[in-house]
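Asker: Please arrange chain B on chain A, whose structure you already have, making use of the hints.
Here the protein sequences line up with chains A and B, keeping their order. What the first sequence shows, in the working numbering, is residues 1 to 310, in sequence order. What the second sequence shows, in the working numbering, is residues 1001 to 1358, in sequence order.
Just to be clear, a hint being listed does not mean it is correct.
Heads up, incomplete: computed chain A residues facing chain B, CB under 8 Å, no partners named [to be verified]:
hint, residue
1, I127
2, L209
3, I255
4, Q261
Pulled a few chain B residues facing chain A out of the computed Cβ check, cut under 7 Å [said to hold, decoys possible]:
hint, residue
5, P1037
6, S1069
7, P1071
8, G1073
9, D1194
10, P1195
11, A1199
12, D1200
13, S1219
14, A1224
Coverage of chain B stretches by chain A, computed from C-beta distances (three or more under 8 Å per stretch; other residues unrestricted) [to be verified]:
hint, segment
15, 1039-1053
16, 1264-1277
Bear in mind the hints are in silico, worked out from the structure with no lab data behind them. Here the structure is a predicted model, which is why all the values come from computation and not from measurement. All C-beta atoms in this analysis are idealised placements derived from N, C-alpha and C, irrespective of residue type, glycine included.
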Amino acid sequence: MMELGINPVALFAGLVVAATPLLFAAIGELVVEKSGVLNLGVEGMMIMGAVTGFAVGVSTGDPGWGFVAAAGAGAALALVFGILTQFLLSNQVATGLALTLFGLGLAALIGQPYTGIRSPQMPSVFIPWLSDLPVLGRMFFRYDPVVYFGLFLALAVWFFLGRTRAGLILRAVGENHDAAHSLGYGVVRIRLAAIAFGGACAGVGGAYLSLARVPQWTEGMTAGAGWIALAIVVFSAWRPGRVVLGAWLFGGVTILQLNLQASGVAVPAYYLSMLPYLVTILVLVIISADRRRASLNAPASLGRPFHATG
Amino acid sequence: MKTLAFLAGATALAVALAGPAAAQDESLKVGFIYVGPIGDFGWTHQHDLGRLALEEEYGDRVETTYVESVPEGADAERVIRQMAQSGHDLIFTTSFGFMNATANVARQFPDVKFEHATGYTRLDNMATYDARFYEGRHVAGIIAARMTESNIIGYIAAYPIPEVLQGINSAFLAARSLNPDVEFRIIWANTWFDPALEADAAQTLIEQGADVIFQHTDSTAAMAVAEEAGIYAIGQASDMREFGPTAQLTAIVDNWAPYYIERVGQVMNGTWEATEVWGGLGTGMVQMAEFNEAIPEEVAEEAMAAAEAIAAGELHPFTGPINRQDGSPWLAEGETAPDDDLRGMDFFVEGITATIPN
Chain A
1 MMELGINPVA LFAGLVVAAT PLLFAAIGEL VVEKSGVLNL GVEGMMIMGA VTGFAVGVST
61 GDPGWGFVAA AGAGAALALV FGILTQFLLS NQVATGLALT LFGLGLAALI GQPYTGIRSP
121 QMPSVFIPWL SDLPVLGRMF FRYDPVVYFG LFLALAVWFF LGRTRAGLIL RAVGENHDAA
181 HSLGYGVVRI RLAAIAFGGA CAGVGGAYLS LARVPQWTEG MTAGAGWIAL AIVVFSAWRP
241 GRVVLGAWLF GGVTILQLNL QASGVAVPAY YLSMLPYLVT ILVLVIISAD RRRASLNAPA
301 SLGRPFHATG
Chain B
1001 MKTLAFLAGA TALAVALAGP AAAQDESLKV GFIYVGPIGD FGWTHQHDLG RLALEEEYGD
1061 RVETTYVESV PEGADAERVI RQMAQSGHDL IFTTSFGFMN ATANVARQFP DVKFEHATGY
1121 TRLDNMATYD ARFYEGRHVA GIIAARMTES NIIGYIAAYP IPEVLQGINS AFLAARSLNP
1181 DVEFRIIWAN TWFDPALEAD AAQTLIEQGA DVIFQHTDST AAMAVAEEAG IYAIGQASDM
1241 REFGPTAQLT AIVDNWAPYY IERVGQVMNG TWEATEVWGG LGTGMVQMAE FNEAIPEEVA
1301 EEAMAAAEAI AAGELHPFTG PINRQDGSPW LAEGETAPDD DLRGMDFFVE GITATIPN
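Next up, chain B with everything else stripped away, as it sits in the complex:
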């Protein structure tokens, strides 16, 4: 018996010794394709924090690489293919515009696993993940409606895709429900990242009377302009407080790290499947940054209560009656928006005066 125990112990030791070496060989190669620079302090920055969390969590067992500022289009497919060819096991492509490129490469590399953020195309080896940013924008909409004095809220939007439209509609509905005089001025930037243009857009909105600015673009330029002009703004994707210490009311913060850690773990133990995940305030994939001290106590409580109700599933930001911009009914009294409607959202709700470029 003793001998056996000794042998078993020796084997365990041998395995333990071999462990790190084996892990070296078999370390999981995880690649990330980013649409902006990791230093944007917005969208891409948050994804990169997720990547760093992977390294922290798994140490030698993962090897991560990334390519930043990849344009959406033909180049994206080349970069993704390059990554698939260079021995990556799992590739995250983190922008809506990478969807078709990811799917094309995924079909050619059935052994490589792909994860595409914010899209809807799924394959056997291509999962999608997304966050309900609109839940955070509902909370921000409440704060904006209470804080605006001019009743003009500016909104810098990137592209008219469902994710962005959900955000505008959600913020608008929340704001209008509390303050019927609120109006939204919307500028389509047609880019995710162009600090100079975003700054100009913010400046233009301020000239036109906006005193709270939302953004759904990725740089911190609008926040810096708001700070300079002495008005308020809502941060996007990342806590932008250091760029607008007095301007930032709150920010809708994307927290990808737990998801990335979970998915990499599933690849390691062979349980990964091409799932569809849509997290939100409830799962912690969307978080609200600390509220600005200028927000009165009762407003902060009101907003916090809404955030908690959404997280608990008691409140849906899209609860009827809601009409589309053209007056046609969308949701009946008490009805909440089905996920499919949200995923395909291509309209403004009633009350928004801006137009959607087609």
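So that you can see chain A by itself, here it is in the shape it has in the complex:
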């Protein structure tokens, strides 16, 4: 690797950063889908988070408030989707797509005065001794706090879904909403909470783009990241651990292809750009080859409307 001029440590650091927006969006969508709701509006919620986070970050001078506001904006937009699909029983797929279009347009409108402004500096967590370690320091201990928070969130979601009673109820709602309803659980209420959480996560993911990774506000800047997040959820077979893996894989392949190109390796760029998607298809094929496991993992009520009768 070294003779190519690629520094594996920098490569790893790059992929972790590149994966962070995807990680947030995907972990949020995972919770939404686990509750039996398919929200295809991830892209729209991300871009709303990106613009709101940037606007608030700039006006307060503190990226932290930017992220809080981004979570709020994402959740607010998600709740529009929630009300439409849960109370008015609109089609989830169509509403989700509309949410993306609406979010992109609204974000462009809100963002008008914020183009060409620099974002406030993101602080890096600098741990006195660990960050100075020769290789490990750069690889693990020099990111901004949001990167660590993303990983913590994945762990928390894993714990919540698999180890707590509330998580069990959420999964029950996603598996069979009629049964959960007959046991007295508020299906709509639980789903709304999940949708709001998913929106908040997507919003933070979007804000990470505008406040840390790019860092500036540009119209349409999510450029399809929301769709990749949706793919990662399927790729992960609805498991939080694999969401982290999936996000790193996507981020990693992107960063790797950029590095290979920059170091002049004669690999056709089109194939390199295709790689993340090829890997997803490949993994999907492998996962679905074992049909029993695939059907076990997908929430049984995913995307089905729920109307309480009797």
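Answerer: Frame of chain A; chain B shown alone:
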């Protein structure tokens, strides 16, 4: 006589009064199809400035509309057709990838006039216009060669089309002629607009030692990353100074407004023809943004002299001897590149180590 004069005056008054109303009815409808958002502060932004200049120039006599972020491909044809059906007289399609879609619609709507940017297909009702961005990149190449300390120059390229290859080759030849140690690291982004990817590409180039970054993609992300990293960058299409106040050495600025104003005027007075225009530094279609203060006086003068020589037609960025990447000769000593060679450019010049995806 007096009566006659009075009558003539009355008629003139009547015409003047009727004027605005008539113009309302006959106002020329001009449509624009953009590949990116108008807020990209790069390529599309510049075209939209041209559109706004039309409204400024002609007021009520034109009505402009635009559709932004139109993907290159099947959707483009639908959008262009929609625009042709909705009564537009003149339609500008502003990306290379819209060429075939524009031609297909142009054949179906012989009464509508089309203008396609950066392509080569022309019909009776479809003109092409393009700018010699490579002239600006020659000037930028001079500055980059003088400013780099690592001798590694990064280049974020969109697609391997002639326009982009001209730019890379031109910048490289200019840089190499002044600094034989300079090397270009090239990343193909395979997109015109993806700020996150462009930022990552810039970051990767910086990791690999680049201290000046060129871009031929449309967002300002690479400029912002360069600013953050404390290195230099060259702006693309638009003056990106506010995104990189210390990073931007200069920018290659596209100035479409004069052309748009001229062409709309020709449609109004019936002299429009499906011409082929290829402007450059000389016609002002390409301009250099103000140079960074960090550029030493003598370098700025050297670059400015080159820009003036190109504008005056005394210097051609592609002047032989130049070999292709594989060592085969392209231009002989003193020979300048014919326009047809440039339009069909599909190779790197000798000395560039990167590969062109096919």
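Asker: Determine for every hint whether it applies to the structure shown.
Answerer: Results of checking the hints against the structure:
no., hint, result
1, I127, "violated, 22 Å"
2, L209, "holds, 6 Å"
3, I255, "holds, 6 Å"
4, Q261, "holds, 5 Å"
5, P1037, "holds, 4 Å"
6, S1069, "holds, 6 Å"
7, P1071, "violated, 11 Å"
8, G1073, "violated, 15 Å"
9, D1194, "holds, 4 Å"
10, P1195, "holds, 4 Å"
11, A1199, "holds, 5 Å"
12, D1200, "holds, 6 Å"
13, S1219, "holds, 5 Å"
14, A1224, "holds, 5 Å"
15, 1039-1053, "holds (count 3)"
16, 1264-1277, "violated (count 0)"
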